[in-house]
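Kindly produce the complete structure, drawing on both the sequences and the hints.
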Amino acid sequence: MKVIITAVLVAATGMAVAQQNSAVQEIERYRAALGDGNPAELWEARGEALWKEKRGPNKVSLEQCDLGLGPGVVKGAYTVLPKYFKDTDKVEDLESRLVSCMVALQGFTPEQAKKDPFGGPGKKVPMDALVAYITSESRGMKMNVATTHPKEVEAYELGRKIFYFRGGPHDFACATCHGGDNLRIRLQDLPNLMSKEDAQRAYTTWPAYRVSQGELRSFQWRLYDCFRQQRFPELEFVSPASIALTSFLAKNANGGTFNAPAIKR
Amino acid sequence: MADPMKIRANMAGDKVEVKVLMSHEMETGQRKDAKGATIPAWFIQNVTATHNGKTVLAAEWGPAVAKNPFLSFRFAGGKPGDKVVITWTDNRGEKRTDEATIA
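Taken in order, these protein sequences are the chains called A and B. If you want the numbering used here, it's the 1-based position in the first sequence plus 1113. If you want the numbering used here, it's the 1-based position in the second sequence plus 61.
The hints are simulated quantities; they were obtained by calculation from the structure and are not laboratory data. Predicted, not measured: the structure shown is a model, and the values here were computed from it. Please note that a few of the clues may not be correct.
[Stated by the list, open to error] Distance windows between CB atoms, simulated:
| id | chain 1 | residue 1 | chain 2 | residue 2 | range |
| --- | --- | --- | --- | --- | --- |
| 1 | A | Ser-1325 | B | Thr-116 | 33 to 41 Å |
| 2 | A | Lys-1199 | B | Thr-99 | 48 to 56 Å |
| 3 | A | Lys-1199 | B | Lys-156 | 33 to 41 Å |
| 4 | A | Pro-1346 | B | Thr-116 | 52 to 60 Å |
| 5 | A | Thr-1289 | B | Pro-141 | 49 to 57 Å |
| 6 | B | Lys-115 | A | Arg-1252 | 19 to 27 Å |
| 7 | A | Val-1266 | B | Pro-141 | 39 to 47 Å |
| 8 | B | Pro-101 | A | Ile-1140 | 49 to 57 Å |
[Claimed, not checked] Straight-line alpha carbon distances no greater than 20 Å define the calculated EDC-like cross-link-like pairs of lysine to aspartate or glutamate that follow:
| id | chain 1 | residue 1 | chain 2 | residue 2 |
| --- | --- | --- | --- | --- |
| 9 | B | Lys-80 | B | Asp-159 |
| 10 | A | Lys-1236 | B | Glu-155 |
| 11 | A | Lys-1237 | B | Glu-155 |
| 12 | A | Lys-1199 | A | Glu-1265 |
| 13 | A | Lys-1237 | B | Asp-94 |
| 14 | A | Lys-1165 | B | Glu-86 |
| 15 | A | Lys-1165 | A | Asp-1149 |
| 16 | A | Lys-1377 | A | Glu-1139 |
| 17 | A | Lys-1377 | B | Glu-155 |
| 18 | A | Lys-1237 | B | Glu-160 |
| 19 | A | Lys-1172 | A | Glu-1161 |
| 20 | A | Lys-1237 | A | Glu-1139 |
| 21 | B | Lys-80 | A | Glu-1270 |
| 22 | B | Lys-80 | B | Glu-160 |
| 23 | A | Lys-1377 | A | Glu-1154 |
| 24 | A | Lys-1203 | A | Asp-1302 |
| 25 | A | Lys-1377 | A | Asp-1302 |
| 26 | B | Lys-67 | A | Asp-1149 |
| 27 | A | Lys-1236 | B | Asp-64 |
| 28 | A | Lys-1236 | B | Glu-88 |
| 29 | A | Lys-1236 | B | Asp-94 |
| 30 | B | Lys-67 | A | Glu-1161 |
| 31 | B | Lys-128 | A | Asp-1200 |
| 32 | B | Lys-67 | A | Glu-1154 |
| 33 | B | Lys-156 | B | Asp-94 |
| 34 | B | Lys-128 | A | Asp-1302 |
| 35 | A | Lys-1227 | A | Glu-1270 |
| 36 | B | Lys-80 | A | Glu-1139 |
| 37 | B | Lys-128 | B | Glu-155 |
| 38 | A | Lys-1165 | B | Asp-64 |
C-beta atoms are modelled at their ideal positions from N, C-alpha and C, and glycine is treated no differently.
Written as structure tokens, this is what we have:
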């Protein structure tokens, strides 16, 4: 009798695994079908125009903005971010660097530059488009984030602490969902960010066009929404905490080939 | 004004394969906003594609087409260097025309 029960159990587990695998494959197929006409390209085109457009009180473009590889260099810039910048004496990710450039070059106030971090229904924001354009210029290149400056090391270490920090009404940490293999939220497979391969695949496919939202979502949005899902206090846009966590995750993805803006369900 | 379309036109054997991305909200008229008020319908109604002035595709669309639509089709008789012109018109009468050269 025992033998039979074991056999039945094995069969049942086998079926569940097969079902899950086929669900994963179906989602992959769906992504591949959509990848051909990724609407993120619409954001990229808009972002390129915005990058060159004379905006703000100073009526200048962002073309002289130093994204980490020198003023005006966009190609490959995203692969070295977040990075320490001398002029602001801070570690900055792409979004916070854009805010700094909008303030320094275009004459916006920091409040104006940070006012609309994410797009929504019927609301197109410059930040999403600029992020799409700049990241698209790093497609196919390898992630290469440095931790040489003491402030970069500090940001990385702080990011690691935040990743493991448990709190909120659910007593969750990022690591609760992203620290083990084969974890899911509903049907979505979650990357195990402690494994090099998963960390690379996850980081190099953001930003992404979210089909279910019809929006291009930046990495700052990804973290913002993770915090919301954890029931943490709202993660402030381009806050030191968000940049530190980005530093930690970006550095862990070093060596991975950047392949975004991507498309997600 | 609406954002430009993204059009790619490439030879696929002896046919021309055209891929178009359009930037549009494509509101169905069935959805409600946070206050419970109906969001008015707003969608692309007509799409036409012409090759050297001759219509190669004419479509009537409705609210079932997704936001930021992607359209892919093939037609015969084109050659590299020819122009493909795509035009859409939505139910508010807004219009957008863009063109691409066949590669």
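Here's how the hints hold up against the structure:
Checking the proposed 33 to 41 Å range against Ser-1325/A and Thr-116/B shows it holds: the Cβ atoms sit about 35 Å from each other. Between Lys-1199/A and Thr-99/B the Cβ separation comes to about 53 Å, which falls inside the hinted range of 48 to 56 Å. In this structure, Lys-1199/A and Lys-156/B break the distance hint of 33 to 41 Å, their C-beta atoms being roughly 49 Å apart. At roughly 57 Å, the beta-carbon separation of Pro-1346/A and Thr-116/B lies within the given 52 to 60 Å, and the hint holds.
For Thr-1289/A and Pro-141/B, the Cβ-Cβ distance of about 55 Å falls inside the hinted range of 49 to 57 Å, so the restraint holds. Taking 19 to 27 Å as the suggested C-beta distance range, the pair Lys-115/B and Arg-1252/A does not conform, at roughly 36 Å. The hinted window of 39 to 47 Å between Val-1266/A and Pro-141/B is violated, with their beta carbons roughly 54 Å apart. Remark: the range hint 49 to 57 Å for Pro-101/B to Ile-1140/A is contradicted by a beta-carbon distance near 33 Å.
In summary, the hint linking Lys-80/B to Asp-159/B is supported, as the alpha carbons are separated by about 13 Å, within the 20 Å threshold. For the hint pairing Lys-1236/A with Glu-155/B, the CA-to-CA distance comes to about 18 Å; that is within 20 Å, so the pair holds. At most 20 Å may separate the alpha-carbon atoms for a hinted pair to count; Lys-1237/A and Glu-155/B meet this at roughly 18 Å. With a C-alpha separation of about 12 Å, the suggested pairing of Lys-1199/A with Glu-1265/A holds against the 20 Å cut-off.
A hinted pair counts as satisfied when its Cα atoms are at most 20 Å apart, and Lys-1237/A with Asp-94/B qualifies at roughly 17 Å. Between Lys-1165/A and Glu-86/B the alpha-carbon distance is near 25 Å, which puts this suggested pair outside the 20 Å criterion. The straight-line distance between the Cα atoms of Lys-1165/A and Asp-1149/A is roughly 27 Å, outside the 20 Å bound, and the hint therefore fails. With a C-alpha separation of about 13 Å, the suggested pairing of Lys-1377/A with Glu-1139/A holds against the 20 Å cut-off.
Distance restraint check for Lys-1377/A and Glu-155/B: the Cα-Cα separation of roughly 30 Å exceeds the 20 Å cut-off, and the hinted pair is therefore not satisfied. Under the criterion of a C-alpha separation no larger than 20 Å, the hint pairing Lys-1237/A with Glu-160/B is inconsistent with the structure, at around 24 Å. Straight-line distance between C-alpha atoms of Lys-1172/A and Glu-1161/A comes to about 17 Å, which keeps the hinted pair within the 20 Å bound. At roughly 31 Å between alpha-carbon atoms, Lys-1237/A and Glu-1139/A are farther apart than 20 Å, so this suggested pair is violated.
Pair hint Lys-80/B plus Glu-1270/A does not hold up; C-alpha atoms about 46 Å apart against a cutoff of 20 Å. Taking the CA atoms of Lys-80/B and Glu-160/B, the gap is near 12 Å; set against the 20 Å cutoff, the hint holds. In summary, the hint linking Lys-1377/A to Glu-1154/A is supported, as the alpha carbons are separated by about 14 Å, within the 20 Å threshold. Of the supplied pair hints, the one linking Lys-1203/A and Asp-1302/A is violated, its CA atoms being roughly 34 Å apart against a limit of 20 Å.
Between Lys-1377/A and Asp-1302/A the alpha-carbon distance is near 12 Å, which keeps this suggested pair within the 20 Å criterion. Under the criterion of a C-alpha separation no larger than 20 Å, the hint pairing Lys-67/B with Asp-1149/A is consistent with the structure, at around 12 Å. For the hint linking Lys-1236/A to Asp-64/B, the alpha-carbon distance of about 13 Å falls within 20 Å, and the restraint holds. Between Lys-1236/A and Glu-88/B the CA atoms are separated by roughly 14 Å; this keeps the pair inside 20 Å, and the hint holds.
Simply put, Lys-1236/A and Asp-94/B have alpha-carbon atoms about 13 Å apart, close enough for the 20 Å limit, and the pair holds. Proximity of Lys-67/B to Glu-1161/A is assessed by CA-CA distance (about 13 Å); at most 20 Å being required, the pair is judged to hold. This hinted pair does not check out: Lys-128/B and Asp-1200/A have alpha carbons roughly 41 Å apart, beyond 20 Å. Only pairs whose Cα atoms come within 20 Å are accepted, and Lys-67/B paired with Glu-1154/A is accepted, the gap being roughly 8 Å.
For the proposed pair Lys-156/B and Asp-94/B, the alpha carbon gap of about 26 Å is over 20 Å, so the pair is violated. Among the hinted pairs, Lys-128/B with Asp-1302/A is inconsistent with the structure: their alpha-carbon atoms are about 25 Å apart, more than 20 Å. As the CA atoms of Lys-1227/A and Glu-1270/A are separated by approximately 26 Å, the hinted pair breaks the 20 Å bound. Distance check on the hinted pair: Lys-80/B and Glu-1139/A sit about 24 Å apart at the alpha-carbon level, beyond 20 Å; violated.
Simply put, Lys-128/B and Glu-155/B have alpha-carbon atoms about 16 Å apart, close enough for the 20 Å limit, and the pair holds. Restraint check for Lys-1165/A and Asp-64/B: the C-alpha separation of about 16 Å stays at or below 20 Å, so the hint holds.
Going through the hint list in order, the structure does not satisfy hints 3, 6, 7, 8, 14, 15, 17, 18, 20, 21, 24, 31, 33, 34, 35 and 36.
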